[in-house]
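The lines below spell out each chain.
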Amino acid sequence: MKKRGRGIACMWYPIGFTVAANPSAAVVKVNEDGTATVLTGTVETGQGSLTVLGQIAAEELGIATDDVHVVSADTDTTPMDTGAIASRTTYVTGNAIRLAAEKAKEILFQVAAPMLGVKPEQLEARDRKIQVKNYPQRNIGIGEVANQAQFVMGQPALGSASFNPPTVALDPATGQGKPFATYVYATQIAEVDVDDETGEVEVLKIVASHDCGTAINPMLVEGQIEGGISMGVGFALQEEMLFDKNGKQLNPNLTNYIMPTSLDMPEIEVDIVKNFDPTGPFGAKGVGEPTAVPTAAAIMNAIYNATGARIFSLPATPEKVLAAIKVAKAKQLAKTKQLAKPKQKPKRLTAAAAR
Amino acid sequence: MTKKAKPAGTAKAKAKPAFIGQPVEMSGTLRLPAVAKQVPYPIEALAPKVRQQTPAVGQRATRPDARLHGLGQTKYIDDMSMPGMLYCKIKRAGIASALIKKIDTREAEAMPGVMAVITGKDIPVNSFGPSIKDQPVLAYERVFHAGDGVAAVAAVTEQIALEALDKIKVEYESLTPVFDPVEAMKDSAPKVHPPASNIYATKLIKKGDVDKGFRQSDHIFEDTFSTQMVEHVPLEPHCSIASWDANGRLTIHSTLGRITLGRTDMARTLQLPISRIRMVATIVGGNFGGKNEITQEPALAVLSKMTGRPVKGTFTRTEEFIATTTRHPIIMHYKTGVSNEGKIIARKVRLVLDGGAYCSWSETTLGKACILSPGPYNIDNIHAEAFVVYTNKTMTGAMRGFGAPQVCFAYESHMDDIAMALNIDPLEIRMRNAFHEGSSSPTGQVLHSVVVKDSLLQAAERYGWKEAR
Amino acid sequence: MTDVTIKINGELRSTSVPPETTLLKMLRENFSLTGAKLGCDVGDCGACTVIVDGKSVNSCLMLAGQVDGREVLTIEGLATPDRLHPIQKSFEDCGSLQCGFCGPGVIMSAKALLDANPNPDVAEIRDALAGNLCRCTGYTKMIEAVREASRVMRDTKSKRAA
Numbered sequence: 001m002k003k004r005g006r007g008i009a010c011m012w013y014p015i016g017f018t019v020a021a022n023p024s025a026a027v028v029k030v031n032e033d034g035t036a037t038v039l040t041g042t043v044e045t046g047q048g049s050l051t052v053l054g055q056i057a058a059e060e061l062g063i064a065t066d067d068v069h070v071v072s073a074d075t076d077t078t079p080m081d082t083g084a085i086a087s088r089t090t091y092v093t094g095n096a097i098r099l100a101a102e103k104a105k106e107i108l109f110q111v112a113a114p115m116l117g118v119k120p121e122q123l124e125a126r127d128r129k130i131q132v133k134n135y136p137q138r139n140i141g142i143g144e145v146a147n148q149a150q151f152v153m154g155q156p157a158l159g160s161a162s163f164n165p166p167t168v169a170l171d172p173a174t175g176q177g178k179p180f181a182t183y184v185y186a187t188q189i190a191e192v193d194v195d196d197e198t199g200e201v202e203v204l205k206i207v208a209s210h211d212c213g214t215a216i217n218p219m220l221v222e223g224q225i226e227g228g229i230s231m232g233v234g235f236a237l238q239e240e241m242l243f244d245k246n247g248k249q250l251n252p253n254l255t256n257y258i259m260p261t262s263l264d265m266p267e268i269e270v271d272i273v274k275n276f277d278p279t280g281p282f283g284a285k286g287v288g289e290p291t292a293v294p295t296a297a298a299i300m301n302a303i304y305n306a307t308g309a310r311i312f313s314l315p316a317t318p319e320k321v322l323a324a325i326k327v328a329k330a331k332q333l334a335k336t337k338q339l340a341k342p343k344q345k346p347k348r349l350t351a352a353a354a355r
Numbered sequence: 001m002t003k004k005a006k007p008a009g010t011a012k013a014k015a016k017p018a019f020i021g022q023p024v025e026m027s028g029t030l031r032l033p034a035v036a037k038q039v040p041y042p043i044e045a046l047a048p049k050v051r052q053q054t055p056a057v058g059q060r061a062t063r064p065d066a067r068l069h070g071l072g073q074t075k076y077i078d079d080m081s082m083p084g085m086l087y088c089k090i091k092r093a094g095i096a097s098a099l100i101k102k103i104d105t106r107e108a109e110a111m112p113g114v115m116a117v118i119t120g121k122d123i124p125v126n127s128f129g130p131s132i133k134d135q136p137v138l139a140y141e142r143v144f145h146a147g148d149g150v151a152a153v154a155a156v157t158e159q160i161a162l163e164a165l166d167k168i169k170v171e172y173e174s175l176t177p178v179f180d181p182v183e184a185m186k187d188s189a190p191k192v193h194p195p196a197s198n199i200y201a202t203k204l205i206k207k208g209d210v211d212k213g214f215r216q217s218d219h220i221f222e223d224t225f226s227t228q229m230v231e232h233v234p235l236e237p238h239c240s241i242a243s244w245d246a247n248g249r250l251t252i253h254s255t256l257g258r259i260t261l262g263r264t265d266m267a268r269t270l271q272l273p274i275s276r277i278r279m280v281a282t283i284v285g286g287n288f289g290g291k292n293e294i295t296q297e298p299a300l301a302v303l304s305k306m307t308g309r310p311v312k313g314t315f316t317r318t319e320e321f322i323a324t325t326t327r328h329p330i331i332m333h334y335k336t337g338v339s340n341e342g343k344i345i346a347r348k349v350r351l352v353l354d355g356g357a358y359c360s361w362s363e364t365t366l367g368k369a370c371i372l373s374p375g376p377y378n379i380d381n382i383h384a385e386a387f388v389v390y391t392n393k394t395m396t397g398a399m400r401g402f403g404a405p406q407v408c409f410a411y412e413s414h415m416d417d418i419a420m421a422l423n424i425d426p427l428e429i430r431m432r433n434a435f436h437e438g439s440s441s442p443t444g445q446v447l448h449s450v451v452v453k454d455s456l457l458q459a460a461e462r463y464g465w466k467e468a469r
Numbered sequence: 001m002t003d004v005t006i007k008i009n010g011e012l013r014s015t016s017v018p019p020e021t022t023l024l025k026m027l028r029e030n031f032s033l034t035g036a037k038l039g040c041d042v043g044d045c046g047a048c049t050v051i052v053d054g055k056s057v058n059s060c061l062m063l064a065g066q067v068d069g070r071e072v073l074t075i076e077g078l079a080t081p082d083r084l085h086p087i088q089k090s091f092e093d094c095g096s097l098q099c100g101f102c103g104p105g106v107i108m109s110a111k112a113l114l115d116a117n118p119n120p121d122v123a124e125i126r127d128a129l130a131g132n133l134c135r136c137t138g139y140t141k142m143i144e145a146v147r148e149a150s151r152v153m154r155d156t157k158s159k160r161a162a
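Protein chains in written order, with our numbering: chain W, 1 to 355; chain H, 1 to 469; chain B, 1 to 162.
Just chain W, with the same shape it has in the complex:
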């Protein structure tokens, strides 16, 4: 018989390395037509970091995403980067790029100011123009300014910068300190059907509410959430590396290492929590790893809600779920018998007795 259940799980996750320095450096060059090139040592590993970094540079320079070309992943030509790890790219590399773009923009402001008859501090970059704050009618196209900067003033508009999240080392005895600059938060709710005769669990739906600070590119955030959930579903129900008694793997292949296919994916509803972190580029934090964190917990809580069966070890294979259902049923039977007896006041409640 299929039993339906729902489970909720929330989590927190840090951005960047634990205490240790993990800087990123970047160079932004504004071309003489107002488009730009960004140099970053990070590597695109599929999450879409180069798109997001391009959007950050574009925002700072007041131009469009398509006006920015991002060059990456070559130690000869791009500056150092601690890497696409620990969900740090949008925050750390993004901050470095924003700071570098700001420096390039300063040169443009220096050049544009006399052209517009104002001081550099009065200028802003928007909609592909350098314009006067609160009086945008006075403006020049960014291309014209960049051209003037490079070929008339002899000051090409380029900037380089680095960023490292500020931390405080942890006390070795108490672990007290500030290990990360910022954290992200999320909740996932899972709805499952558990077949109490076979132990099979079907994840029907997951509602995922994730904080990533400002979502620089909501489509890519959704992609990370959906991908993270698929890893979470695999971790919860299917995946396991098995070893024989000699320490050799029994299933080092994709035939016997079960991972989610298109048939295993639940319906996913994505919700991005509105938030703004002033320490991140335009309020952004990160989202790469957090998406895979609460899924298994939500699914296990849903199984519990459906059947009363508590899973203590992952993955929740059908065998384990069946065994847990049997234990739950036996405990329920014992409890019913217990309730029939005269009541004794329990001093302390333990989880085992309560189930």
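Please note that a few of the clues may not be correct.
Below, in silico cross-link-like pairs of lysine to aspartate or glutamate (DMTMM-like), each with a Cα-Cα straight-line distance of 20 Å or less [what the hints assert, rightly or not]: (1) Lys178/W to Asp380/H; (2) Lys206/H to Asp271/W; (3) Lys55/B to Asp127/B; (4) Lys205/W to Glu144/B; (5) Lys121/H to Asp134/H; (6) Lys178/W to Glu437/H; (7) Lys343/H to Glu222/H; (8) Lys466/H to Asp171/W; (9) Lys248/W to Glu183/H; (10) Lys167/H to Glu109/H; (11) Lys75/H to Asp74/W; (12) Lys205/W to Glu109/H; (13) Lys453/H to Glu269/W; (14) Lys205/W to Asp82/B.
If you're looking for bench data, these hints aren't it; they were derived computationally from the structure.
With chain W fixed as given, assemble chains H and B onto it according to the hints.
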């Protein structure tokens, strides 16, 4: 196949080389370039509108590589080849713990098509690691897990390289392995990296007074949870190409997600100045933490130098499982004291991480798992202790979450058990305990930009949590 | 050596390969068509999916000699110089691919599906993609994109018919 009539005035077809069996229509097809036509730019000339809009932040901008991916034009490392390139394959130990008494590569070296065979002694500094440098590039005196590489072959085809591996004779003296992390913590357990203790890193977080907190609690709950070893399974296997130029400058094209670190590792293992090394990545076909450190690159570089030709090494899917990092299995013990209203007063956590054969990113994982283990909850009294232990299994390293998915499974399952026992709704009990702006974390950090409660309420509303009771 | 002549992406080509060569290897090395990928080499992951005589196959499981005289379509054969195939266009618009490694295989499976079934429902799409593993995307945006592509293709067809 029907033959088309030859158009008038066509030059007489050249005599067909003997190896082409079938007659091929259209004179000159023998000399046509490869089929893959690059679809010329611009296709659908304008870039998608959304990429042209300002401001840029918040746009659902399509990725520039999406076009290339869809056309099949994205070049991954395995799609690259260089003139004269050789192929490298690595012999895997197949035994979990042993001393290497002898490696005989002569028969393999003599095979036609095999250009070079190396072992650990050919690597100038045969050790690496993001923190503890306990991992050999090629295991030389001792094998620490069944997936250890003991020799590397460079040959003119992949097939020959694989055949050569069988011809390499290795003599092992078997040692007693240890596979269970709890067993490995005992003094009596065999040492994986003697003389060092199997417990290679620990972490402690103490806040307030847990014992006092438990005495003040109305109820105490205790549970133990455990998780399994899993693999990243990126669709693209690890792949690298090493090549040298005449000035002794090494270039590595690699699937690494961290080229700055990779370059430093190459400099260290090969004893080269950093300016003599170039590391290039294109786009990685999935990382998730498994491509964050070097694996075979120093071996490829040495083979390339010896043979004077570029050398490419691609991991098989089996090697992806046995010879790359995995996620730490963790055994998690939780003891929580709560008030009658479900407010957490004290929490004690003990984590034992299965640290595999090498440290890799275990210290980072240990740190994060320990810091995150109390959960996103306001708790005045915390004692969280974590240990990572060597075992003779596949090395555990960085994998999406660094211990967070494991501890989240534990603390959130535990939370629901507490909720059930006290007859409090799971959403409600979390709202009573969750962080808010300015909360103090387990390490005493004042948190900013905190939105746990928002995420709880928003998810609940979207799902219809309160209605569906 | 085995001689193989195939119609590849609409063009006739010949080559000669050692008999144990797979179709995947022949495509990648002899014809420089690197779109089909090697993810496992044993038919588990689907990254090597191409279409042979109208049917989607794992090219790592076919020997080159088995396609002699047959018609093979790979990812490189879908777009024309001035137009993306509707599946490629909707994958791009929906953000369906991340690292892109499984992409060519998924798109070829989708093409085989839509050629046989122009109006599939979600269950049929999931079924058609079940042999293509993806670790990055969770498949969600791929399924959306295939639905969108099927709509566009049906619209175009009905416009042509009108």
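* **Pair hint Lys466/H and Asp171/W, alpha-carbon separation not exceeding 20 Å** => violated, 43 Å
* Given the proposed pairing of Lys167/H with Glu109/H, does the C-alpha separation stay at or below 20 Å? -> Answer holds: Lys167/H to Glu109/H is near 9 Å, not above 20 Å.
* Take the C-alpha atoms of Lys205/W and Asp82/B, compute the straight-line distance between them, and say whether it is at most 20 Å. => Judged against 20 Å, a Cα distance of about 40 Å means the pair is violated.
* Asked: Hey, Lys205/W versus Glu109/H, does the alpha-carbon distance stay inside 20 Å?
  -> violated, 57 Å
* Hey, Lys75/H versus Asp74/W, does the alpha-carbon distance stay inside 20 Å? -> Holds, at about 15 Å.
* **20 Å Cα cutoff - pair Lys55/B, Asp127/B** => Holds. Lys55/B to Asp127/B sits at ~15 Å (cutoff 20 Å).
* Asked: Is the Cα-Cα distance between Lys248/W and Glu183/H 20 Å or less?
  -> Distance ~18 Å between Lys248/W and Glu183/H Cα, so the pair holds.
* To do: Quickly compare the C-alpha distance for Lys343/H and Glu222/H to 20 Å and report which way the hint goes.
  => holds, 16 Å
* Is the Cα-Cα distance between Lys453/H and Glu269/W 20 Å or less? -> Within the cut-off at roughly 18 Å; holds.
* Asked: Is Lys178/W close enough to Asp380/H, meaning Cα to Cα at most 20 Å?
  -> With a Cα-Cα distance of about 17 Å, the restraint between Lys178/W and Asp380/H holds, given a limit of 20 Å.
* **Agreement of Lys121/H and Asp134/H with the hint, judged by alpha carbon distance not exceeding 20 Å** => holds, 16 Å
* Under the criterion that the straight-line Cα-Cα distance not exceed 20 Å, is the pair Lys178/W, Glu437/H satisfied? -> holds, 16 Å
Checked against the numbered hints given earlier, this structure breaks hints 2, 8, 12 and 14; the rest are met.
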